[in-house]
Each structure stands twice: as C-alpha cells, then as structure tokens.
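Assemble the complex: chain A is given as a structure, and chain B must be docked to it using the hints.
2 protein chains.
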Amino acid sequence: MTDNVRIALDAMGGDHGPAVVAAGAAIALKRRPDLSFVFVGDESLVAPQLDAHPALKAVSEIRHTDVAVRMDDKPSVALRKGRYKSSMWLALEAVKDGSAHAAVSAGNTGALMAMSRFCLRMMADVERPAIAAMWPTLRGESIVLDVGATIGADARQLVDFAVMGSAMARILFDIERPTVGLLNVGVEEIKGVEQVKEAARLLREDPFPSIDFRGFVEGDDLGKGTVDVVVTEGFAGNIALKTAEGTARQLASYLRSAMGRTWLSKLGYLLARSAFDTLKEKMDPSKVNGGVFLGLEGVVIKSHGGADAEGFASAVEVGYEMARYDLISKIRQGMAHESDGPYVADAAGAEMQRLAGATP
Amino acid sequence: MTDNVRIALDAMGGDHGPAVVAAGAAIALKRRPDLSFVFVGDESLVAPQLDAHPALKAVSEIRHTDVAVRMDDKPSVALRKGRYKSSMWLALEAVKDGSAHAAVSAGNTGALMAMSRFCLRMMADVERPAIAAMWPTLRGESIVLDVGATIGADARQLVDFAVMGSAMARILFDIERPTVGLLNVGVEEIKGVEQVKEAARLLREDPFPSIDFRGFVEGDDLGKGTVDVVVTEGFAGNIALKTAEGTARQLASYLRSAMGRTWLSKLGYLLARSAFDTLKEKMDPSKVNGGVFLGLEGVVIKSHGGADAEGFASAVEVGYEMARYDLISKIRQGMAHESDGPYVADAAGAEMQRLAGATP
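Residue numbers (numbering that gives the first Met the number 0), protein chains in the order written: chain A, 0 to 359; chain B, 0 to 359.
It cannot be assumed that every hint is accurate.
Pairs involving identical chains hold if they fit within one copy or between any two copies, as the list cannot separate such chains.
[Stated by the list, open to error] Below, simulated DSBU-like cross-link-like pairs (lysine-lysine); rule was C-alpha separation at most 35 Å, straight line: (1) LYS196 x LYS84; (2) LYS80 x LYS196; (3) LYS223 x LYS265; (4) LYS279 x LYS265; (5) LYS279 x LYS223; (6) LYS73 x LYS84.
Hints in this document: simulated from the structure, not taken from any laboratory.
Isolated chain A (complex conformation) (with noise of 0.2 Å):
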C-alpha cells in the first residue's frame, strides 16, 4: 500500500448523487488527510460540486460518464445497461486497474454486487460472496455478515464467511483474534439448520488460527455484542438487520410522542437535552454506515442509498481502513488453518512488521 489512500466514488449513486458524495468525501478527507479520490460521473454535476470544496478538488479527479444505474434497476438490467461505462462500474474498474485502492457506491445493492463480481472477480478460494455490516452493540460494535449478498449458504461456506469477517474485525476493532460465533435459533435438539451446525463442527475441529470459535449466538446475542463476528446466511441475516432496524425507528417514534405528550414532558426533554442527544447519536445509523462487499479481488463499499454526507463520510472512512490495512491480504492470511502449519508466528510477525510500516 502506497502512502496515499485513493479512493473511486459513484457520483451518481444513492438518493442524492453528487452533493452528498462530494459533502462526504470532503469530511473523511478532514479526519483522513492522506486520502484522494476518483469521482466517476457526469462531470457537469460533479465539477462544481468539487469548487464548493477547495481542498477536496485538490486531491480529486473527475472521470466522465453521463450513465448511471438507477436505484431501482434490477441487477440484469444494471449489468446489461450500464456494463463498462456506468459511473458504478467505472468506480469499481478503477480498484480493478489499480488508479484505485477502493470503491465506495450509494447506488443499489444488487446492482453494485453483480458488477463487483463480474468486473473485480471473486477471490480463488471463496465461493460466494458476503456483505457485512457494522452492527452497534452495548459493548461496541460487532460485525455480522451475511446480510443479503445471496441466499442461503453450505457449512463451508459459512467457514469461508466467519474467515472473511474475523479478517475485517482485525482491522477496524485492532485485535489479534475476533471471537466469531455462528447465528442460530435457541430450540433444543432440534438446534439449527444442517449446515449451521456442520460449519460449528468444521471451525472446531480444523481451527483457524486468526479465529477465536465461540459456538453458537443467537438473535439477542447481535444487540449485547457477544462476540465481534456473527456468521450468517444472506436470508436470516438480512431479515435480522431490517428487524433492528425497524425496531429502532418505532422505538424513536414511541418516544418522540411519549415525549411530546404533556407540558411537563416537554420540559423535561428541554432539560435532558443533552442526554438525549446522545442517545440519537447511539441510535443513528450513518455512525455505522457502509457495508463491505467480502470475497472480492477488491475494496467495494456500499454506504445506504438513503445516507448524508456525515453517513457517507463513514463509509468512506471503512474503504480507507479496509485499503490501508489491507484487506485482501488479510482473507488470505486468514485462511490458512492451524493443521497448516506454523502460521501464528509466522503471519504475526510480519503482520506487525507491515502495520508498523503502513500505520500512517
């Protein structure tokens, strides 16, 4: 990795294409000062988005393209249209030509995952891909992948996901060895689905070393942060994170009205202002914003569609830390099993040898 941060930005994705992509990208570059940027779109709108910003324009190029993948084009469609000359996957073919180290797109989901497998290609050993998403925890943060690249998911799998996801804990939470625990349902005996439970047989019997096994979570483990990673199929990860979600914004709303009911109510909200405050901060989720696209021979963040410029900041900050620290590298390491021989010292070593080089 250079000195430099560079990353390529989808102009035109997400619900307020270039203001809010160039608003963002102008705050990470305040806390990151060693990034630069790629911004791929139809330079007309783009232009002077970047002369409301001096020191973004400074470390910032502009590639043209006057097509854009709508937020509500099918993945096909996505393909078929906007293939080799979509700001989406022109942002995406700079990581590919190396002019970037990392793409970061508002634009739609399945969309930006089709094109990052057909342009970036998927790592040698991992056969489907993950998204994985920041989760805020009582303790934290925790990362809990799938949740939503594909459905469904074998025993093996699911390892390749728990190897993927302990890789990106080791960069954005800085430990050696992330616990990693499989999502499941409390039943007894009828405990999980096959493949969840062979992939608990397979972590604990051919242990990898970069992966601390915890056994099973469950749906109320996500909010305590039991453990750093939580491995599940696209299905039921999806599900779980739209329910926290929803269950976040009616919890806002009760106590929005709660709070608004009486005078004296009111007043008391005037005067825990501040706590209150906080707890919008605890409860935002741009704080958390920007999912990472696994499996990938490339950096590809998804930041929400519906993201502002502070929301957008963070995802580009995640493409920062996943290019900086290397994330590629990291899944590949990763991989290597305990029954592989002597990987601790080995990979620590020059693990710590390349972060005291790299750590800006």
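Just chain B now, kept in the frame of chain A:
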C-alpha cells in the same frame, strides 16, 4: 363452548413456579370473571398460594403430581421422564380429556411442544405446528409465526401458517379478513427462497376467503405493523423475534444511561416521568406475553419462563380468548378455499351467530 372458560395451568413451569402462576391467574380472573382453573403441580406448594388468593381458590381445583419438567431438560428427556405424570403433561391431558379448554405453561418451549404433539396430536390437515408470537407495532399488534416450533418449511406449510395465523388474528383483532404477508428479503432477482416464492404463488392463485394476502414484507415491516399476520419459517422467525427483543433492551439501556448522566438530565427525567412510564409500558414484553401453539388438536399457550404475575396473566388471557372464540374451529374453517364454494356467506353467517351466542 360453555359459559365458563376453564384453563389448565402447569403450576411448576417457569423460573418462579407456583407463586407467579397463582398470582397471574388471580389477575386474569379479576379481568375475566368467567375463568376457572385446574392447577397441576405439587399440592404442598400450590395450596398455600391459592390460600393467599381466596377468589381464585373458589374457582380452582388442584391436581397433584410431584414430577416437574425442568427448564433445561431436553425435549426427549422431558418426554421420557415426564410423560403421563409431569405437571406439564397433565395440564395438556386436561385439555385432551375435555376437563379444560386450554393449557398454559411457562415451562421450557421445546418440552412443551414435544409433549403437546404427543398428547394432543396434530390437526388432520396440518403437517407442522407453529408458535405464533404477538408483536407490538406502531399500529398496535401483529401476529408473527413461526417463531421457533420447527426449522424450515415448504410452501404448503407456509400456507398453513398463513391460515392458522389468520384464524388467530380474527379472534384477537376482531377482523374478518386479516392482512397477511410473507417475510422475505429485499434483494432483487434473488428475492427469497423458493419455498417463500412458491407460497406466495399458492396464496395468490387459489386464495382463501379468510385471508387478505399482501405479498412479501421485510424485516422492518414487523415494527411498522404493515400487515396483521407475518408468516415465516421458524429459523428466520426466531432470529427476528430475538433480534427485536435484543434491540429493545439495548435501546432501553442506552436511554437509562443517557438519562442518568447529569443532574439536568436526571431532573428532566423526573419531570418527564409519566412519559417514560408510557414508554416503558410500550416496551414491556409482559404486555404481549403468550405464544400460541398452532396446528394442534387443542389450545396451548406458552408464557415466557421469566414472566412476572402480570406477564403470566397476559398468557392466561390469550388462552381465554383462543378457547372462548374457538381457535381450533376457526382454523378448520380457514382451511376452506375460495374455490371450494360459497364459504364466505355461510361461514360468516354461522360465525356471527356463534359469536353472538358465545360472547361473555
């Protein structure tokens, strides 16, 4: 149904045993004076509890047994040790032999389901049982099933769940044609597993007069209350339920710590006390306690193991409603298809007549 609704209670189930079971029954009795009870359990422990509630004692009998299923017994162990003699089994048997209209237990879910299937048997047309949970939403309540009776379900079984959940919704929400959605994920083109897509096709092409089918819903529709009945298989349903519970606890914990941080926020909390009490009530899981076992030849209600007296009373009242308005017949009626002939008029007529007679 007689004038009186008689409930068999597993007095030894749950974390707190007879004390909470009796106190809960006493609360339910105050609200539903036409209740009576069969307490099944250790008489030396149950009798003193009834002595403490004279009104309850007057409408209750005790059936003694000194065998109790433990909260951590596996279903197979519970069956082996507790069949024909445990308090859980004998409560179910009271439903089977007609001496009670419903059974309520706070004992362990797996054991209760295994014993229910063994003792009461499945309904003739239903292949799999389901556990239906009541889910608090922004619009009131919805029913979500299956939340963990079994894992996986084919299209036909999902359709059965839709029919059974609708029958329950007709009773609880007093609506003729409940809206029903199939839980799915929002990833285009790979949308959902085959079984879910096939179930949607079945519900569309050969509709049930008692169901207003609305297609797919996602995880965040649960909290919104988009439909009256959300149908899914037990793995995803259990994970959704526990994730929502975990998220609610997580946010309550954030709120508590935010409100206690400064003297100003503490003062604000005092002033807004009634608002917080309202919120607490909204978030109180005991208010919606009572999972309904569906697909069996009898009404069985599972209370949370940790429920307090108020929570156990809710479960008893759910049992009361299901027995009083004849859940089992409603499920049988619900199985009739649009294509089976003029169900609507006849059934609705009979229904209204029956309801008019049965309403307490």
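Hints breached by this structure: No hint contradicted; all consistent.
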